[in-house]
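Participant: Below, each chain spelled out in residue letters.
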Amino acid sequence: MKKIIVKEEHCIGCGLCEVYCTVQHSKSKDIIKAYNREKPRPTSRVKLEVHKPVSFAIQCRHCEDAPCVTACLSGAMKKDEETGLVTHDPEKCIGCWTCIMVCPYGAIKMDASGKVVSKCDLCAELEIPACVANCPNGALVYKEVKP
Amino acid sequence: MSKYVIVGASVAGIGAVEAIREVDPKGTITVISDEQCPQYSRPMISDLVSGKATFEKMKCRDDQFWEKNGVQALTGRTAVSLNLADKYVSLDKGDRVNFEKLLVATGGKPFVPKIEGSDKDGVFTFTTLSDAESLAAKIEKAKSAVVIGAGLIGISVTEALVKRGLKVTMVELQDKILSLILDPTASEMVENVIRKAGVTIATGQTVKRILGKPENGKVVGGVVLTSGEQVQCDLVIIAIGVIPRTELVSGTDVKTNRGILVDKFMRTNVQDVYASGDVAEAYDFVVGENRLLPLWPLAQLEGKVAGYNMAGKKADYPGGTAMSSLKYFGVPIISIGIANPKDPDAYESLVKHDPERGFYRKIVLKDNAIMGVTLVNGIEKAGVLFHLMKNGVNVKKFKQELISDDFCLATLPRSLRRKLYPGEYK
Numbered sequence: 001m002k003k004i005i006v007k008e009e010h011c012i013g014c015g016l017c018e019v020y021c022t023v024q025h026s027k028s029k030d031i032i033k034a035y036n037r038e039k040p041r042p043t044s045r046v047k048l049e050v051h052k053p054v055s056f057a058i059q060c061r062h063c064e065d066a067p068c069v070t071a072c073l074s075g076a077m078k079k080d081e082e083t084g085l086v087t088h089d090p091e092k093c094i095g096c097w098t099c100i101m102v103c104p105y106g107a108i109k110m111d112a113s114g115k116v117v118s119k120c121d122l123c124a125e126l127e128i129p130a131c132v133a134n135c136p137n138g139a140l141v142y143k144e145v146k147p
Numbered sequence: 001m002s003k004y005v006i007v008g009a010s011v012a013g014i015g016a017v018e019a020i021r022e023v024d025p026k027g028t029i030t031v032i033s034d035e036q037c038p039q040y041s042r043p044m045i046s047d048l049v050s051g052k053a054t055f056e057k058m059k060c061r062d063d064q065f066w067e068k069n070g071v072q073a074l075t076g077r078t079a080v081s082l083n084l085a086d087k088y089v090s091l092d093k094g095d096r097v098n099f100e101k102l103l104v105a106t107g108g109k110p111f112v113p114k115i116e117g118s119d120k121d122g123v124f125t126f127t128t129l130s131d132a133e134s135l136a137a138k139i140e141k142a143k144s145a146v147v148i149g150a151g152l153i154g155i156s157v158t159e160a161l162v163k164r165g166l167k168v169t170m171v172e173l174q175d176k177i178l179s180l181i182l183d184p185t186a187s188e189m190v191e192n193v194i195r196k197a198g199v200t201i202a203t204g205q206t207v208k209r210i211l212g213k214p215e216n217g218k219v220v221g222g223v224v225l226t227s228g229e230q231v232q233c234d235l236v237i238i239a240i241g242v243i244p245r246t247e248l249v250s251g252t253d254v255k256t257n258r259g260i261l262v263d264k265f266m267r268t269n270v271q272d273v274y275a276s277g278d279v280a281e282a283y284d285f286v287v288g289e290n291r292l293l294p295l296w297p298l299a300q301l302e303g304k305v306a307g308y309n310m311a312g313k314k315a316d317y318p319g320g321t322a323m324s325s326l327k328y329f330g331v332p333i334i335s336i337g338i339a340n341p342k343d344p345d346a347y348e349s350l351v352k353h354d355p356e357r358g359f360y361r362k363i364v365l366k367d368n369a370i371m372g373v374t375l376v377n378g379i380e381k382a383g384v385l386f387h388l389m390k391n392g393v394n395v396k397k398f399k400q401e402l403i404s405d406d407f408c409l410a411t412l413p414r415s416l417r418r419k420l421y422p423g424e425y426k
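If you read the sequences in order, they're chains A and B. Using our numbering, read the first sequence as starting at 1 and increasing by one per residue. Using our numbering, read the second sequence as starting at 1 and increasing by one per residue.
Isolated chain B, as found in the complex (with noise of 0.2 Å):
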């Protein structure tokens, strides 16, 4: 019996240990995660294939993190079923852990279609710390990858492959990469510097079939396009998007959407039962609804959130939105909120292009308040724009100013910034 039982050890879970702890400093809590090894950071995984990290770097939290908190830690073993009424989890070798109070924090897990010859030897998806363990044992002797998906996951294992001397091939769905995040021009700017690495682009198909090599059939030797196009090559990387790990919560009175659905509290509709991170449907302030944002600040968040509320002090997730900080080979870039309006009537887009420089800044908004900011280099000053836009800031009287390359704290009238940081002005 556990006063607190979480599933899922990454930042999620995390977050809830930490905050559960600022408030109950005794309560009994367990975490139960599939995973052996101890607290990382999965953005990284990506450095760890590079070179750029070791796994000692990519610890988010130091070795003793179990212990200082009084967690027990079940590492390496896999919850497989709930039973609500008696308030359970059942693991995998058949023992239990009662709960009072359970938080759901999962994760995702990678979306892979059907592909002729996906069971190949040499073909991967990446999200964990192992697949990326796996893929970086296969390196040295590959010379060719080819990497489905041109999103966040795609480009940066592209990155790190790169770095490794490899010839890669991205193959993307949609017409622009990043389309999700990045309007036209940003994405064609992206686009840019990664052809400038070396590597061949081909948006507007996908893999039909994953071949063999001709020496041995299991062997992954190359793909075939949508457009009839073979490409060799010694690796295929999937990596088209994470789904929500919502298989523990599957027949019971946890209801779901794609992921599971939480109110601001992170509270599912069942007594006692949280959910947060990737496997949860939160609230996005700029879209005005719940859905599935499989973002790493945001999963922190909302753990901390639902640690918070299972411990007994109220506290409100106050939305998140689609947020994402680039680094792709080096040029920095940051997207928040709605980069490419569906309604263009609907909004308003300024605007400020330097090619030469390489800048870019867009701001769009809608009845004067921030709903989206592109900004490719000169990002320091983001936080500032996300700070008015979170706060839905009438922008009217300045916002020619927003996309100046000189906007900074000093651009907001006194009144406002008295308004919007109350603690400076005391």
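Next up, chain A with everything else stripped away, as it sits in the complex (with noise of 0.2 Å):
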């Protein structure tokens, strides 16, 4: 599958990738709409991670045997056998915050609702993920892995 490999030596700190990610899932996916009128603001899926002079961004790595899934206790996190990715259903999501406990990259995040989790989702209807497609700096590059 597919995956998003983080080149922590190119990243420049610079939060483009949060800002699109945010953006695009968003309702309007307009940069001005979603900032300013979409409350609460649409919570990014990427979190740039900074401990200086070390930056890089980290999303939800779509584990091969991903634990989250494992621990999920409502059924709301599955691993899609065909796409590799791992999914999340906000609908089945109960906020219980098992899958954040055992992450263990700590790429899931509670959702500026405070009621589910949020996580990458590789922008299922994009051809490059919003984050990849904006770093200005190659810190974020979208290809083919070996599982």
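It should be emphasised that the hints constitute simulated quantities derived from the structure, not laboratory data. Just so you know, not all the hints are guaranteed correct.
Examples of chain A residues toward chain B, derived with CB under 7 Å [claimed, not checked]:
#: 1; residue: Ala34
#: 2; residue: Val54
#: 3; residue: Leu73
#: 4; residue: Cys103
In this text, a Cβ means the ideal position worked out from N, Cα and C, and glycines have one as well.
Since each chain sits alone in its own frame, please combine them into the complex, following the hints.
Facilitator: Spelled out as structure tokens, the structure:
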């Protein structure tokens, strides 16, 4: 499957990945409307992690043997055998945070609503995920990887 | 005759079915469950009572789960005994199911102490869907409830009842609530949140006697605490804890302690007989021994490991530990491993407490390895700490950072990240 590869040596810590992720997961898909009008502001599923001088973006790694899927209490988190994606169904999610407890990357976030979790879906509707497409320095690369 | 027979259809049984099918698409599987309904999430029964979830939402697998996996599901049936010599399970109506490999995933049942008056109408336990449905049916007419036990189940049922407008009194034998998984500081933080919601908490006490109503002695009207105090109520919920349902193996050669003893392949001492979930005593990697850990995520993992091994694919159980993620009255809390070291001198505790923001972080170390994590609010990076913990990482060089608000993956030295996440640095 295709995954997002993080090149931390290229990350300049600008945070555009978070901005474009927020926009992509907004209702309007418009940066100004998403930031100014949507309440709560849509959660970015990618997180820019900074521990100076190190910085890099981290999002769901779509693990082969995903601990979040095994731990999920409600059946909201699933591994799609065909695409390899770890999918999350907010309708089934009960916001118990068990997946957060077991994600080795700390890549699952509490949604701004406070009621469910939120995580990277690799922008299913786009050819290239928004964070990758808008990274100005090639610190995020979308490519085929062996499982 | 079925190649695989699984007794119990909750998450350990489900995990086993999924794992078996990954390895063996054809081998016959029979699942026996005394519950009639489709697979549902046990931890969500409180959401059913509070009205937050319908049964539809509680289903943790789709309705065709058995069919899709080619499972013969004997639901609403009870496995009554086991013949290990001839390898069959006897069912309630006298019929038998022969097996090649057996998984005992019978789960736990509520522990109910002897309390005078516990046979009255209005006394409940709280572990199954049917418990939740019976309780929910009584709520409309009830005004108040006493919950015995302030552990995970007790608090979740309390929250549900509060949301339905009931006045609740929680009675806890220990001095602190959630004393098994939280230290006194974190416990107090939760206590304050619960009290704020209007709940009365009586610690250091239990219920001595359940009283009837003046007009009808057979119906719950109140309780008498060990202090002598009397509390009026319409409902009593006993939520002291669960104990393993080991009846099926009692009198057989399968070895038990409090639960069924298993090795890291989830095998019992009897060949071709496996056990998983709340009924089993599996390995705790923090304590370094096998013990009961009746937790949903561990049950699912144990079931998976059993399934792989039953189907001939070697898989090790990596070990679990006490791990709970809570959200009582909206406050997120995660507790993993040791929260309260019994011998404080042998451990080092790193603590950061910000009462104003309601933040609390505590890391318990032994020889610079993480043995316990407690987080109240600011839980999003808990999984990274858990990963360090599982891998026994020496955190000496960056231990103060572990309790920082900014702790994240980037905090870890690059060399360590390369080692812990090899796939990311190919």
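Participant: If any of the earlier hints don't hold here, list their numbers in rising order.
Facilitator: Per hint list: single violation, 1.
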